[in-house]
Amino acid sequence: MDSLSWLDLLGRLFIQLLPVWVALVAVFAFSIIYKRRLGLYGRLFESTVGMIGFALVMFWVFTALFATLIITHDPLAQFSGMRNAAPGSPVRDPAGGYAYFLLGGDALARDVFSRMVMGAREVLRIAPFAAMISFMIGISLGLPAGYIGGKLDTGLTFIANLVLAFPVILLFFLLVAPEIQNTAIPRVMAGILFLMPVLFFTVLLNARFFTQPMKRNFYVGAVLMIGLWAYSGLAFNADPLGVWGMSPNLLNVFVAVVFVNAPTVFRIVRGITLDIKTRDYVAAAQTRGEGPWYIMLWEILPNARGPLIVDFCLRIGYTTILLGTLGFFGLGVAPESPDWGSTINQGRRLLTVYPHAALAPAVALMSLVLGLNLLADGLREESLKD
Amino acid sequence: MTRKTSKSTPLHRAARLFARECKDGTLSRREFLTRATALGVAAPAAYGLLGLVAPQARAQTPQMGGTLRMQMDIKAQRDPRTWDWSELANVCRGWLEYLVSYERDGTVQPVLLESWEANDDATIYTLKLRSGVTWNNGDVFTASHVAHNIERWCDASVEGNSMAGRMSALSDGGKLREGAVEIVDDLTLRLHLSSPDISIIVNMADYPAAVVHPSFTGDDPVANPIGTGPYRPVSHDTGIGAVIERNPDHTWWNEGNGAYLDRIEFLDLGTDPAAWMAAAEGGEIDMTYQTTGDFVDLFEMIGLPKSEAITASTLAVRFNQTQAPYDNVNVRRALQMAVNNAIVLELGYNDLGTVAENHHVCPIHPEYADIGTTSFDPEAAKAMIAAEGLADHEFELISIDDNWQAATCDSVAAQIRAAGINIKRTILPGATFWNDWLNYPFSSTEWNMRPLGVQVLNLAYRSGEAWNEAGFSNAEFDALLDEANGIADADARREVMAKIQQILLDEGVLIQPYWRSLYRNKRDTILNAEMHPTFEVRYQHYALS
Amino acid sequence: MLVFLARRIGVMLVTALCLTFVVFYLTNIPAKLETLAKTQAGSRISDSEVASWLERNGYNQPMLWRYGEWLGVAPGWTRARDDGTMRGRCYTLTGLAEPGAAPTRCGLAQGYWGNSTRFRAPVSEVIRARLGATGWLMLWVLIVMVPMALVVGVLAGMREGSRTDRALSTFAIASTATPEYVSGVVFIALFASSTVGLSPLLVSWGWIDGPVLFQGNARSALERITFWNFALPVMTVALYGMGYIARITRASMTEVMTQQYIRTARLKGVSFANIVLRHALRNALIAPFTVIMLQIPWLLNGVVIVEVLFSYPGFGWTLFEAAANNDIELLLAASVVAVLVVLITQLISDIGYVYLNPRIRVT
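Chains as they are written, first to last, in our numbering: chain B, 1 to 386; chain L, 387 to 931; chain Z, 932 to 1294.
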């Protein structure tokens, strides 16, 4: 069998990614038709930059979602005779599987295309989740620090600056080490860090529905149940049903990434809070006799959402790059894992001869981060138009 | 090349026996040379027994002078007897010399010794020192210096002194045995072994056996470079590089047969071969220390041809039998059956070696018995794993983060996975990996070559041995191994060996995918710098043409 | 101002103390000490040999006590040798062996930074030499990065929404989306490979003598920095850092350009170039200045990657080596340096902000 021509290759890639195109067209059609009713999200479709960014991000989100439909081979399987095969090479012995390596083979004869697609799933599973937890921690601590101030503020700011004074890379070397994994340190840190989101939602709902005990009990109860269930699984690997869980390795990486990101978010939230708390509507709420948590979570936070959403997008991108850095130093993430950082690191050694193995994940990583940055830019522009 | 004279001594009886076996084809030439020279037969004589002429140095004439720049890890120096990396020894080879040396062709050549002789049952060795050797501080090299070194080697109380194990026939209770070394005169000494040991002279060629001056305190041989060789260190920066230059204040005993280069610069460029490649392309290095995988060809492409050494070095992907589920022989055998060694060699090591047979005895070993190997049968493997109730069990294969070792284990894991068995990989950084290397349930370890097949088996698979990482304990195996150790004749030993190898296969001790060839890449202009099977860098003989 | 400085320095010391303790704790957990013993005394030594090595080298005392030794508030460990001479922390550091010759305490307070186990040299020497190397790298990075970022930012920001703005902004965003471990590798492939990229072309045209245009390895820069061996590492760090500063400059510039006084100047008929250079620039550069200073600690990340990638033994490379080999005292010193860099740049950024912006006064 001959290798595929470039045109043929592109056609096959297009067909392989069909589910993604369908989903993208559907989302864009829907969004553009109803953009007037969709608030900030709808206004995103007024800006070209924002739309391009959104399209790039959603491309990878859908790729990750439909990854099992898209891949042509098992991302971990090795095929004899396919070491460093060029893009479009026919598989020597397909045994009923897909007959070509669309983007070639890597140094261990695995399909680069399938690894890139599954890598999207790996990356999008960790980065946004880590950014989200960082945000909840930053918000839960930043709001009171800015709003209440005093000793609490001084203490929290000192701790945040302490973490920020640490070079990120040194922290990773120290925290994401196999020796540390076997100690209680990651578990303890996870125990503290993962508790924050549960507390956040509990307080959030409690403050909102304080006056309606029935509703409150229901919501808070539900949050506590789901939250603590996930918490036991994620932080202590003690989920009785076994739904939630993280390998010690992943937990270690996750905790380190959250730990590094949370202080920056804290500083941003604190700064915005200091600004917003002098506004009239906050004073109005205070005169109404609302509790401090209600004011922080339901008056200040919604008004701070613009810059926070923008930073959230940027932070996902930054976290993606950070995870790649870990891969570069061979820290953290599991071996054989198709995540982009590790695949770039493995492929780069042979870049001058077999560039495809490193370039595919590198382009993927860059386009995702670029998309997130453009999306953030679009959102910023549109939110400033208020 | 090395050209040393040796007085004609009566040939050892066993050496003639070996020569006959070699001519009959039952003993490999390499093995014959190793064993005959170990018994004190000079290399030309050993070649002569086979009716051959000893190979001469290559025709290209070495030129005096020049600088060689070589990529090599520069690790923090320490007491030579505790060296655990060949690189540590290679830096010091220019001034710290050895009593004997192990050559690429398998012979053992005298260096600071002139000759040696063993009695018939290899329990008494008479060592004759080379005369006219001086230390670079002016002292004359004498038998008492050698005795001092042997005493140092025997001291097991020093952490990490690996010579202690090699000299066990001379020691007692972790110290040199009283009366084990007898100084006959200034240039002669006699070793009295507690048991026959034909490997004791070969062991003196091992890299930790560098001969140091009596004034050496046991710390850093670079800081206080008293030695017998023609070079001296100029600088030594751990992790960065080292510079060696010819010592103008010292007359080397082997003047004229080496010390061609003025200066040797070692560059430590980290562990990433891509960085070495970039350095070679930029013209910053002329030679690599060891190249693996794809890089062997890549360096060749940019003008650094490869030099190959065929060895019995390997990667042992072993199970630790003291830990569940690997205490179950069916599990071990099933995992072996799931792996096609030929594919691991292709994908994990770029086909740069030969397929091995899961029993850690190499066809280049004289006593190797061809008994076949485990059959490759992934379906049966899956069924066996399921029968043991482990269908949902996730196995874990641990390896060090070194490039080729990790790739090989990835290949092994991919094969096991392809058979429908769950497995995950774990990679540990070099500094961490060794913390627990003996106790990982399922992991890989690099084993360098030993001239004899029984040597590794003695080290790694005998019950209770310090390096028995497989946790293998089998009384029958131990008894057979003892028997094999006492048989000098390779044919007779092969019969016992067949049984030993069969036990290793039946017990599913390890997955051993391949025997690897070693490579280095160097520019055409560098002479005498072929890859050495035990990674030696004898820059005192290297030259530019 | 003095009170302000004193307080900042006080905070700096407390921060450094806290951080070194964290580093000390994390490098001294038992498994890490075992790693250290194995890297020092031989990777295949037995557990009892590990224990005896740790005992013999003073690692068996309680952790807090040894942290005190490092700080210089607790007396260093000593042990008499068989031959009557002494071994101990202070004996090793001062190079003395006679009993009683060395001081009792020898830590930071006494000016001893300890010995690096990885490099077998005093930590202060190692750090000084490596910081020097990184200093050159950072200097060139700043020389390349800052003007480039400012020019891009100003050009993009002076006419918001124009085609130049779109093009330059996209370039800036793309550069922040390209991490060093991607750009560095791509640069090597493009410029420093004799088989692919530019070099073979240039060689075939006869434009360059050597096999490659740039050196893909910066080791030779340790002795002599040349354009050819330093360009790639500098570009790699600068490119990633540039985008962010350019974007801040652009934002700041667009804001300034909409101010009343600029509008007034334009109405008065002042030329556009004059407006940008004489009126807008100074105000537009306040924000980028603070960002540039705060960016320096962030560059450290890139510096580690680049120094490892190009095998340039600087501070980042040392950090990597120290961490990989669990070189406790070197890591401690490195973290002290890193903390100082972070806090001093923050301080400069604050002071500079005040200096550039006359509306703010330090209280």
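Be aware that one or more of the hints could be misleading.
[Unchecked claim] Okay, the calculated beta carbon distance ranges per label pair:
#1 36(B) with 1074(Z): 46 to 54 Å
#2 1282(Z) with 384(B): 45 to 53 Å
#3 986(Z) with 603(L): 56 to 64 Å
#4 1056(Z) with 92(B): 55 to 63 Å
#5 1135(Z) with 525(L): 33 to 41 Å
#6 691(L) with 14(B): 43 to 51 Å
#7 782(L) with 240(B): 19 to 27 Å
[As the list claims (entries may be wrong)] In silico SDA-like cross-links for lysine to any residue, where the CA-CA straight-line distance does not exceed 20 Å:
#8 151(B) with 1046(Z)
#9 810(L) with 246(B)
#10 151(B) with 1051(Z)
#11 810(L) with 306(B)
#12 461(L) with 1053(Z)
#13 35(B) with 246(B)
#14 768(L) with 77(B)
#15 810(L) with 247(B)
#16 810(L) with 35(B)
#17 461(L) with 1046(Z)
#18 461(L) with 938(Z)
#19 151(B) with 946(Z)
#20 561(L) with 977(Z)
#21 461(L) with 1051(Z)
#22 810(L) with 181(B)
#23 151(B) with 977(Z)
#24 810(L) with 237(B)
[Said to hold, decoys possible] On the chain L side, residues computed to face chain B include the following (Cβ under 7 Å):
#25 733
#26 793
#27 800
#28 811
#29 814
To be clear, the hints were calculated from the coordinates, so they are not data collected in a lab.
Ideal Cβ positions, reconstructed from N, Cα and C, are used throughout, including at glycine.
To see whether the hints hold, each was checked on the structure:
1. 36(B) with 1074(Z): 46 to 54 Å: holds, 50 Å
2. 1282(Z) with 384(B): 45 to 53 Å: violated, 31 Å
3. 986(Z) with 603(L): 56 to 64 Å: Given a distance of about 21 Å, which is not inside 56 to 64 Å, the answer is violated.
4. 1056(Z) with 92(B): 55 to 63 Å: holds, 57 Å
5. 1135(Z) with 525(L): 33 to 41 Å: Given a distance of about 59 Å, which is not inside 33 to 41 Å, the answer is violated.
6. 691(L) with 14(B): 43 to 51 Å: holds, 45 Å
7. 782(L) with 240(B): 19 to 27 Å: holds, 24 Å
8. 151(B) with 1046(Z): Violated, at about 40 Å.
9. 810(L) with 246(B): Holds. Residue 810(L) to residue 246(B) sits at ~14 Å (cutoff 20 Å).
10. 151(B) with 1051(Z): violated, 46 Å
11. 810(L) with 306(B): violated, 43 Å
12. 461(L) with 1053(Z): holds, 16 Å
13. 35(B) with 246(B): Status violated; Cα separation ~39 Å.
14. 768(L) with 77(B): holds, 17 Å
15. 810(L) with 247(B): OK: residue 810(L) and residue 247(B) at ~12 Å, within 20 Å.
16. 810(L) with 35(B): Roughly 47 Å separates the two Cα atoms, so the pair is violated.
17. 461(L) with 1046(Z): With a Cα-Cα distance of about 16 Å, the restraint between residue 461(L) and residue 1046(Z) holds, given a limit of 20 Å.
18. 461(L) with 938(Z): violated, 44 Å
19. 151(B) with 946(Z): This hinted pair holds, its Cα atoms lying about 17 Å apart.
20. 561(L) with 977(Z): This hinted pair holds, its Cα atoms lying about 18 Å apart.
21. 461(L) with 1051(Z): Between residue 461(L) and residue 1051(Z) the Cα gap is close to 10 Å, so the pair holds against 20 Å.
22. 810(L) with 181(B): holds, 17 Å
23. 151(B) with 977(Z): Violated, because 52 Å separates the two Cα atoms, which is more than 20 Å.
24. 810(L) with 237(B): holds, 18 Å
25. 733: Since the shortest Cβ distance to chain B is 5 Å, the answer is holds.
26. 793: holds, 6 Å
27. 800: Status holds, d = 4 Å.
28. 811: holds, 4 Å
29. 814: Holds, about 5 Å.
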